[in-house]
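Given the sequences, and given the hints that come with them, work out the whole structure.
Chains as they are written, first to last, in this note's numbering: chain A, 1 to 322; chain B, 323 to 655.
The set of hints was computed from the structure by calculation and includes no laboratory data. Cβ atoms here follow ideal geometry from the backbone N, Cα and C, with glycine treated the same way. Be careful, since some hints might not be right.
[What the hints assert, rightly or not] Here are some, though not all, of the chain B residues that point toward chain A, as calculated from beta-carbon distances under 10 Å:
| # | residue |
| --- | --- |
| 1 | Thr330 |
| 2 | Gln332 |
| 3 | Ser501 |
| 4 | Met530 |
| 5 | Gly554 |
| 6 | Arg576 |
| 7 | Val588 |
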Amino acid sequence: MSIVHLEHLFVDYGRLHPVHAVRDVSLTIADNEFVGLVGESGCGKSTLGFAIARLERPPARITAGTIAVAGQDWTTADARTLRPERWTKVAMVLQSGMNALNPIMSIEAQFRDVMMQHGEMTVEQCRRRAAEVLEMVEIPSTVLPRYPHELSGGMKQRVAIALAIVLRPKLIIMDEPTTALDMVVQRQILENLKQLRREQAFALLFISHDLGLELELVDRVLVMYAGEIVESQPARTMLDHPFHPYTRALLRALPDPETPYAEPEGIPGMPPDLHEIPQACLFAPRCPLAEPECLEAAPPLKSFSELTLRCRVTEREVQHVS
Amino acid sequence: MSAEAVVTAQQLTKIYAGHGKRGDAVVAAHEISFTLYAGEILGLIGESGSGKTTIGRLLTGIEKPTTGSLQWSSAFASGHGQVQMVFQDPYAALNPFNPIRYTLTRPLINFRHLSPAEALDQARTLLTTVQLTPPDQFLVKRPHQLSGGQRQRIVIARALAASPQVIVADEPVSMLDVSIRAEVLQLLRKLMVTGQVASILYITHDLMSARSLAQRVIVLYRGRMVEVAKTGDLLANPRHPYTQMLFASIPNPRRAFRGEALPIPVSGSLAPSSATGCPFAPRCPWVEEACQQTAPRLEPLPDGRLVSCHVVTRTATDGQDASKVAQPRTTTP
Ligand SMILES: Nc1ncnc2c1ncn2[C@@H]1O[C@H](COP(=O)(O)OP(=O)(O)OP(=O)(O)O)[C@@H](O)[C@H]1O
Ligand SMILES: Nc1ncnc2c1ncn2[C@@H]1O[C@H](COP(=O)(O)OP(=O)(O)OP(=O)(O)O)[C@@H](O)[C@H]1O
Ligand SMILES: [Mg+2]
Ligand SMILES: [Mg+2]
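Structure (structure tokens):
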């Protein structure tokens, strides 16, 4: 079974001169699967994450394609239909999740707010469940009467994660939940997520620009470039056999803690202006492997068994490996 | 290392008086001593709130220490603007309404008293230095027309406008995409190599980004120096348990794929440290009786590094490695 299934999704900004921030994205997230979404700033990760949860805000608009969540069509569902599904089917944790907490409500009141909207629960039941999920992210239940400003950034972010799992959603979308935090706190959250997974079944869409983080946490990584998915692969194989030249560049930009002195490389150039998308491979101007044909026509997205790839040069290598 | 000192920090302590409901005073920096040498990039590493920015600000003179002092070598003491700071957020650091030309020429006109024509010329040179070429193309741009990495290079160019001896780069890449971090770090190194500045204090919470950049690293924990070492030594063999924790925190897919557990537990207790003991004791996997009682001092190890840890000091004298001697706590409270 799949929790999310997208077909040819387009999300645009603006009406007069719309740009496709998400372009022709098709993907499936299986039940209990951890999926990573990686790509550089502005490539459309947040836009896609919000659209899946149908939390997109104008000027963002879904203009084509379909979104199905747990077998139900969400593409055209209105707010009233979706409200009962929020927190129970899909929950979202934002980059500024720490600021997403209501500053004038105690932590306990925020848990109660979410839980009471979605079923008959006593105050005592709410408190017990809140303490239980807080414990999963290693926060003592003594924070329940406290207010967000009394907690550190890392603690607030973990409270936001606890809040997201409290109603046992089938999918959690996390948009850069650790980007604003320091390394040790990021590590704690990573370990919390691995542990949570053993205690409670859920699928995760984890958005980040740090491929190393993604590879360590998730089962499969989606690489996004200028609004398109250019590669999808299991994390285990991607680390040693990345195909798309952009995925390779992302890996080279990553310091590897196991090879002490290798210097990370940048990715020269800039992503294309979304207003002027050429009929070509969008990565070609920055690509060390680009061939004349890459500049003449957009490469098709091809599926091999566990790999999906949008590159006409490196797809020739696929047979040799698999 | 050419051992010409640029500036020496002597026992810098910064205490922020209490305010707000709780009103506890914060010891943001405690007896910080180090020398910044000419030609050196010195890394300053620690978690959020450990006092990194405070030490950077003390070095610039924006902030005065509660006790302790800075000793500038006469060759490098040029007075105003000798230390410039580059901040974490290139998005907030630039006024969105000003074109780059204005951002760069204004400090040259106001502080270095150049004529507008000279300032414009100098702005072009600065843009070339930070590798934004051709410069005229960038002079007319506004911040939103630039990528994050380009913006951070503008911020660096603006810092260079004051002809500083020292740059304090306070997490200059942590807001940037992984893909553009390398270019900004390489630029910092180039400033050093080409003699644009005498030395750089590079502040980060990411050990990996200091790896290729800094020759020496100071690890801070709650305002105190816990380990000072050559970067290579530190990475090959982190000694202080907190440095080991920092190291273990780096995302490492290969370790995960091998199914290896973290070498050190990273989740710590929330208990405040005792007033007199080691500040790291509540989170430390090796904590002993002595750690609760007295705070360790920075002691040299045979390889020349400094470590402030009772367990490391005790075991190092027998030529042992603390991590193999001490029994890690299996559970964390
Ligand atoms: N409100 C908006 N109006 C117009 N364009 C927008 C808006 N929000 C985002 N965009 C554009 O849509 C594209 C995708 O943005 P998005 O925020 O989804 O990227 P992202 O991958 O999440 O980036 P980051 O890593 O910086 O968070 C970008 O080019 C951005 O400029
Ligand atoms: N102006 C101030 N008034 C009171 N306390 C302060 C002030 N500036 C910093 N502090 C406190 O001093 C301590 C050290 O702060 P500092 O900003 O130096 O840490 P940092 O290591 O730079 O953290 P980060 O990684 O989050 O930037 C913190 O506890 C902070 O709350
Ligand atoms: Mg985003
Ligand atoms: Mg700081």
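Now for the hints, and whether the structure bears them out:
1. Interface hint at Thr330/B: violated, since its Cβ lies 28 Å from the closest Cβ of chain A, which is beyond the 10 Å cut-off.
2. For Gln332/B, the suggested interface contact is broken, since its CB lies about 28 Å from the closest CB of chain A, more than 10 Å.
3. Checking Ser501/B against chain A: minimum C-beta separation of about 4 Å stays under 10 Å; hint holds.
4. A least Cβ separation of about 4 Å between Met530/B and chain A falls short of the 10 Å threshold, and the interface hint therefore holds.
5. Taking 10 Å as the C-beta contact cut-off toward chain A, the hint placing Gly554/B at the interface holds, the least distance being around 8 Å.
6. For the restraint placing Arg576/B at the interface with chain A, the shortest Cβ-Cβ distance is roughly 6 Å, inside the 10 Å limit, so the hint holds.
7. Satisfaction of the interface hint for Val588/B is found here, the shortest Cβ-Cβ separation to chain A being roughly 5 Å, below the 10 Å cut-off.
When each numbered hint is compared with the structure, violations occur for hints 1, 2.
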